[in-house]
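Student: Residue-level listing of the chains:
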Amino acid sequence: ACSSGNEADASGKTEISVYSSGSKNVEQFWEKVIPMFEEEHEKIDVEFVFVPSGTGGQSTMDRILAAKESGNDSGVDIYEGSLEDIIRGKEEGDIFYPLTTENVENLGNVQEQNLAGANDLAVPYRASSVVLAYNEDKVKDVPDTADELYQWIKDNPGRFAYNDPTTGGSGSSFVITTVYNQLEDGAMNIQDESIMEEWNIGFDLLNELAPYMYQEGVYPKKNQGTIDLLANGEVDMIPAWSDMALEQKNAGLLSESIKLKQIDPAFTGGPSYLMLANNGDEARKEAAEELLNYVLTLDVQEIVMDQMYGYPGIKWELLSEEDQEKFTDVSGGYRIFNGGELGSELVQQWQKEVAAQ
Amino acid sequence: MWYFRTLGERKIIEFIFLCIFMLFFFGPLLNLLLLAFAGEWQYPDVLPKVWSLEWWSFVLQDESIVKSMWLSFLIATIVTLISLIICIPAAYAFARIQFPLRRFFLFSFLLTNAFPKMGLYVAIAVLFYQMNLMNTFTGIILIHIINTLMFMTWIPSAAFENVHKSQEEAARDAGASPLRVFWHITLPMAKPGIIVASIFTFLSSLNEAEGTFLVGVPNYQTMPVIMYSIIADYPSTAGAVFSVILTLPTLILLFAARRFVGADAFASGFKMK
Amino acid sequence: MAVKLSIENLSKIYPTGEGVKNIDFHVKEGELVTLLGPSGCGKTTVLRSVGGFIDPTSGAIKINNKEVHHLPPEKRPSAMVFQSYNLWPHMTVFNNLAFSLKLRKVNKKEIEKRIEEVLTLVHLKGMEKKYPSELSGGQQQRIALARALLLEPEVLLLDEPFSALDAKLRHELREELREIQSKQNLTMLFVTHDQEEALSISDKIVVMNNGNIEQIANPQDVYNTPASLFVAQFIGRMNFVKGKADTNILQIGNLTYPFTDSYTGEVTVGIRPEDIQPVQSNAASIEAKVEAIMMLGHFAEITLHTIIGSLKMFVDRKQMEQIRLKSTIAIQFNHLQVFNENGEVLNNRRMEIYENV
Amino acid sequence: MAVKLSIENLSKIYPTGEGVKNIDFHVKEGELVTLLGPSGCGKTTVLRSVGGFIDPTSGAIKINNKEVHHLPPEKRPSAMVFQSYNLWPHMTVFNNLAFSLKLRKVNKKEIEKRIEEVLTLVHLKGMEKKYPSELSGGQQQRIALARALLLEPEVLLLDEPFSALDAKLRHELREELREIQSKQNLTMLFVTHDQEEALSISDKIVVMNNGNIEQIANPQDVYNTPASLFVAQFIGRMNFVKGKADTNILQIGNLTYPFTDSYTGEVTVGIRPEDIQPVQSNAASIEAKVEAIMMLGHFAEITLHTIIGSLKMFVDRKQMEQIRLKSTIAIQFNHLQVFNENGEVLNNRRMEIYENV
Amino acid sequence: MNKKWKSAILGLGLVMPSFLILLVLVMYPVSSSIKTSFTGENDRFTLDHYKYIFTEPLIVDNIRHTLIVTFFSCLFVLIIAYSIAIYLRFSQSSIAKWVSKTYLIPMFIPGVIAVYGFINFYRDNGWIARIIGEESMPAIIYDVKGLIMINIWFNIPFTTLLLVSALQAIPNSIIEGAKDAGANILQLFWHFILPLSYRTMLVALTFLFMGIVGSFTAPFLIDRNAPQMLGVSMQQHFSVFNEIEQSSSLAVFMFLLCSLVGFFYIYSNIKGSKKELK
Ligand SMILES: Nc1ncnc2c1ncn2[C@@H]1O[C@H](COP(=O)(O)OP(=O)(O)OP(=O)(O)O)[C@@H](O)[C@H]1O
Ligand SMILES: Nc1ncnc2c1ncn2[C@@H]1O[C@H](COP(=O)(O)OP(=O)(O)OP(=O)(O)O)[C@@H](O)[C@H]1O
Ligand SMILES: [Mg+2]
Ligand SMILES: [Mg+2]
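Chains as they are written, first to last, in my numbering: chain A, 5 to 361; chain B, 725 to 997; chain C, 1059 to 1415; chain D, 1059 to 1415; chain E, 44 to 321.
Just chain A, same shape as in the assembly:
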């Protein structure tokens, strides 16, 4: 017996499921949004399935792909994933429905730059970026630019750490930006492997910085690993996800003296995408589109900002003044790394050249 198709039941309700993964705050977000949505749409029942972050994130994608291959219903309607998932889905099985303003009206409100990677297959409903987090009490000369940052690292040996880029985005963002800061502006959008030859300048820099890192070259595992170092005072400055840092500051887990700042050129960041998996069921497709549309409303977007400490998915100008204000610290924006597979090549090379140094 395969997993139950979410058929419309006798009462005429359509059941759809949302699969999401990530940190706890993502889970809390959905647990708040879904009841609100269901209240407004009585005919739709949403089942929410949360996959905590860790090694298992891969599994939902694999599941959809496997279902597609065997012609089964994956049971997943909406899937929250990353840019790589979109690309993988497209390459390996065309498993997602195309999404345009035609079926999801509010897509029109979405920030243009975020739409670029979506390939008309996803809704970038929120975003976050990596920023610099530092201890105000210890760091007096806060760097404004990347070069100042590199200089600061050299001036303060052992007081900076970024996490192993194979284990978390804030570390990989540091690595990516450091490498691509040495290349021309548009390089982040190149997916051609030839660019790998030009990475060496960046890697030389990373290697040059390595001895000045925490414990002369220790890169903790996971995003939280570096945050712990900062919280414990073992280092004074780290790259961190804006939402994570904000949330933990807010919960009092990071002391007041921890401040965030975006530098120039910015670290990478990016939207979180919602995809619509193709299960061949029209009713569920429509219900799912309804939900995707709902996520882009102002109400929900405010929850994104207030509870998830995420950047909104819709255009800044659609927000209230007050909300725009909140993000001035970090809204120096972010860059999106659009290199596709090159991302994993980059961290692999990091593993070989920097870690193994």
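Be a bit skeptical, because a hint or two may be false.
[To be verified] Derived lysine-lysine pairs resembling DSS-like cross-links, with alpha carbons at most 30 angstroms apart:
id, chain 1, residue 1, chain 2, residue 2
1, C, 1376, D, 1370
2, A, 356, E, 94
3, A, 289, A, 253
4, D, 1262, D, 1124
5, E, 47, C, 1133
6, B, 915, C, 1188
7, E, 46, C, 1120
8, D, 1370, C, 1262
9, C, 1376, D, 1226
10, B, 889, E, 314
11, E, 46, C, 1124
[As the list claims (entries may be wrong)] Simulated restraints on C-beta separations:
id, chain 1, residue 1, chain 2, residue 2, range
12, E, 303, B, 862, 33 to 43 angstroms
13, D, 1309, C, 1086, 45 to 55 angstroms
14, E, 310, A, 123, 32 to 42 angstroms
15, D, 1320, C, 1240, 45 to 55 angstroms
16, B, 778, A, 51, 28 to 38 angstroms
The set of hints was computed from the structure by calculation and includes no laboratory data. Predicted model, so just to flag it, every value in this text is computed and none were measured. Backbone N, C-alpha and C fix where the C-beta goes; we use that ideal spot for every residue, glycine too.
For chain A, the structure is supplied; the task is to place chains B, C, D and E with the ligands on it using the hints.
Tutor: Below, chains B, C, D and E with the ligands alone, put in the same frame as chain A:
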């Protein structure tokens, strides 16, 4: 005189060793225990400044966590029962019956330990996708059973072997059929070994994280799975509370079963004939 | 008395080639027959064949004239007591005893009554609640016996039941067993390798060697007229000296004896230690030097050095006091037993030589 | 002969309160002294104190007049042979024997020579390459003895070395031990709970009970004039009957005997089975019914029922043939030993009553 | 003959349920993993993945690192477990009783938690550092030292458990006989205790080796970023670099290492040495 002096010296050395032993093995655990009750404990304070139960209430209020505890125990119970049913006959066969390739079968269970767990889980996941076992209860049970096969066959097998043949024969003599003999004589006498194996099975199922993560997520989140995400997302105090909660049942079980967890029942399982 | 158990031409050959061949004897009602022989001679093999724990290669086993050798142990009207590990350690004495009764659906009152009776018989009343591990070895064997008795077996089989106990206890239990046997008129087949035990309790002894029966006789006959050199050697102490037989004359050293067998050639002469007697020197006596005196309680073993070899002599306490170490005394032989080179007994009876002296 | 080992006022009290108190005896050069007593009386405790495996609570142990009780076992000039598990199972016989020599850096040639010698002594030449598990129990104990002998100990300690062996082997080894002892002029302290063993091999027996010494004497004296009821009971077989002492008269049933002690009151009279004699009925005899005849080889044990109680009588083979089961015979007592209610011997010698009959 | 057949069928029948599970859930995946490791593009047979793991300096380093860590962990665990086991076997003191009551506990602590507690305890300004001062605190977390320490922490109980029971099976008279013969403590250990318990030690070593070579959680959270333990490297290749074939070949390589050790274990078990106690 000389004698007493050396006695004293030896006592002191012994005591020092005990301290090192305790510190090494239980220091990290004690640290967690303190952390779990700490309100504010900033570097470089040696002890928490403020004590608090804040994270306890946070953790215990979270429904998914309480649910995961139930789930863990349910899974562990079922896994233990099933592997008992599957493995005890095999254990008995290894101990008492001569059949072809007996040794091959016996040692094949070593394979569960010889292939890297991660690699095995990944390969199993591929299989589970094909069999539609991903994210099912059955899938989780199966992946837990893999870990217990060896314990559950080897230890009871040694226990059966230690039941003296003449005790079985005396029961045959008394008029009991072979099946009765097994039920009334052999099985109860092998009980300590079987209990040890069951406890290990139960605990290993209770603590299994990696495999569950791979095949059970998202619908089946056991305690250790939650623990992974807690460690990733929360500060040490919350993690410590989880740790204490997660460790407690194991320790209670250990002490409850203290009587049975003798070195011998366990060790004899690994000396094969 | 009727024949209870008969073993007819029984053979059991193990894959290793060892085993027993052509065993043929019977046990009458109320008789205690002992299988006696050195380790590995096949006693256990015979006993376990009767109990049903070994499938004989050929031959028949009949109890009350009915063939039983195709029945499994639980269906045979025999009961067995083992050397050790007799009791079930997880059951109290009561439950050990009640097990077979419960299987036979005897009612509770009756079970209690019967157990009390049998415990009285083995002098262990009041031990019902104890576990086997709380009993001494002797008590355990008594309970094992009681358990076997409760089966009301047609034949009781005992495989060296006392050999794990120490000498004192062994003597005690031996007597008790004899007592119970005659009280209950039990038919028993008893295995031992201890000749003293066999002599003391048996009605009939079956002496085995190398998978064959050497002699079947009552204890006195086995002791007094052993059927072969092996039996003579194995049962009781015996001195062996070389001799020569020639036309009705037996020559030992410089002594000659009349001899009623026509055999001619080298012979082995057996002399029991108690058949050697210190005497006044005379024509039929030889000289002996006292080499050692070993006090064994109510008698002593004297080691003598003579021209025909070293001899052991048993004397009682009174005589012992007159014998001095290193002194020389005269001795004579009261009985001789003569064996040819193949160990066969000549005359098939022992030579009484009192008269000839 | 010089005193080799002296144990002076030795006490060892275990935390449980059990142990031995005020043990005081010595062993002369070339003497074999046996510690004899029931299980738990403290024999092993004394022996192990001498060996150095137990720290005595108080008292002194001297070997060759030098105190040794503060030395660890490896520094004491004693060697020990244990009841079982004597040999090191992972070493060949040769290595078992060579170990101590190697420790003492004896050269290879010499080691080989010494081992050959000692193996000849224990009749096991040619077994060098075998492992202990390939030897029979008796052979193992011989090797154990050989190993101890190679240590050239001043005192050889043996803790029930033969008790795990069967009767036949025990007799054999006993003799061998005696032989070796006199050949090598060894000084030995031997522990056993088997009175026959003690009687047969000892120069001197130390009878222990309950942590105390009951009697120290040579075997004959221990047997013939036991110092207490306990010793009488423990050594040899003895019948005990109630009697009454009154002004130089001893009354047993309707028999009266002269009595040289002034003690008045209830007494226990001990009669050894061999001191009971079948006679023609006379004034000094009593009637006895023959209840059981147990053949024990060269003699038989007859169970008699008399008005003064049940008695065991030993008769030799010739007499046995004249005694019929269930018949009534007349018996008389040749020796009596009288004990008061505290188990103390009266007269401190046994009553010889031959003369009085 | 008939009886032999019967017992053969009964035996196989009883073993089948558990063996089938083993077959389906372990043997099949293992074999498919092995197959994957030899599969190149277009499902062709290739040795490239093995070439990769044996030539890529990163992996070669990792292999060396894994072997070194495993070796030292096993060595230390054996030494410490032996000491504890000997102590427990031969000491009657109340301290020994305490140790014997508690030493099993780490075996029952879930791995993640132990690592977590360990990190909090030994980190640069963890509890230890707070007590002895940060300056005198050596780097333990994010260092091989820490990894070996946690391996010791995890593996001591099981190893000690096995060794204690092996030592308990050595009769006292063997030890006393040796002392009597003049052996000192060191000689006692070398000539008696070790040879009489080495088979159990081999058992312990087998499981130690298998456990440590393939471990993931502890090295992932505690070890440095490079070189890595093979378990971490395998996981990285699989879920970060998406190189399933390479990670399979790593798994197979680790499997071969374990098989080698497992073979010794099985061999010594089957051989049924003469020297065993009767
Ligand atoms: N299961 C078996 N397989 C092969 N040979 C056996 C088996 N059981 C016994 N034997 C052999 O058969 C012979 C007789 O064995 P059995 O046990 O009957 O001797 P036993 O007289 O009872 O000896 P013991 O006094 O030592 O108990 C021995 O040589 C023994 O080695
Ligand atoms: N280590 C110990 N701790 C406490 N009590 C002990 C110890 N060893 C012996 N005992 C007690 O001391 C008494 C004497 O014991 P010991 O072993 O010397 O007796 P034994 O005469 O050798 O007995 P056996 O013939 O059974 O060997 C016994 O009551 C015993 O229970
Ligand atoms: Mg036998
Ligand atoms: Mg003793």
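Student: Each hint: holds or not?
Tutor: Hints, one by one, checked against the model:
Restraint check: the Cα-Cα separation between residue 1376 of chain C and residue 1370 of chain D comes to about 19 angstroms, which is no more than 30 angstroms; the hinted pair holds. Between residue 356 of chain A and residue 94 of chain E the CA atoms are separated by roughly 17 angstroms; this keeps the pair inside 30 angstroms, and the hint holds. A distance of roughly 39 angstroms separates the Cα atoms of residue 289 of chain A and residue 253 of chain A; the hinted pair therefore is violated under the 30 angstroms criterion. For a cut-off of 30 angstroms, the pair hint linking residue 1262 of chain D to residue 1124 of chain D stands: about 23 angstroms separates their Cα positions.
Straight-line distance between C-alpha atoms of residue 47 of chain E and residue 1133 of chain C comes to about 22 angstroms, which keeps the hinted pair within the 30 angstroms bound. A hinted pair counts as satisfied when its Cα atoms are at most 30 angstroms apart, and residue 915 of chain B with residue 1188 of chain C qualifies at roughly 20 angstroms. Between residue 46 of chain E and residue 1120 of chain C the CA atoms are separated by roughly 23 angstroms; this keeps the pair inside 30 angstroms, and the hint holds. Between residue 1370 of chain D and residue 1262 of chain C, the direct Cα distance comes to roughly 23 angstroms. Compliance with the 30 angstroms bound is thereby established for this hinted pair.
A distance of roughly 26 angstroms separates the Cα atoms of residue 1376 of chain C and residue 1226 of chain D; the hinted pair therefore holds under the 30 angstroms criterion. The straight-line distance between the Cα atoms of residue 889 of chain B and residue 314 of chain E is roughly 24 angstroms, inside the 30 angstroms bound, and the hint therefore holds. In summary, the hint linking residue 46 of chain E to residue 1124 of chain C is supported, as the alpha carbons are separated by about 24 angstroms, within the 30 angstroms threshold. Distance hint for residue 303 of chain E and residue 862 of chain B: a CB-CB separation of about 35 angstroms, consistent with the stated range 33 to 43 angstroms.
Restraint check, residue 1309 of chain D to residue 1086 of chain C: a C-beta distance of roughly 47 angstroms satisfies the suggested window 45 to 55 angstroms. Take residue 310 of chain E and residue 123 of chain A: their Cβ atoms lie about 58 angstroms apart, and the range 32 to 42 angstroms is violated. Look at residue 1320 of chain D against residue 1240 of chain C: about 46 angstroms separates their beta carbons, and that is inside 45 to 55 angstroms. One distance hint, 28 to 38 angstroms for the beta-carbon pair residue 778 of chain B and residue 51 of chain A, holds here, with the actual separation near 32 angstroms.
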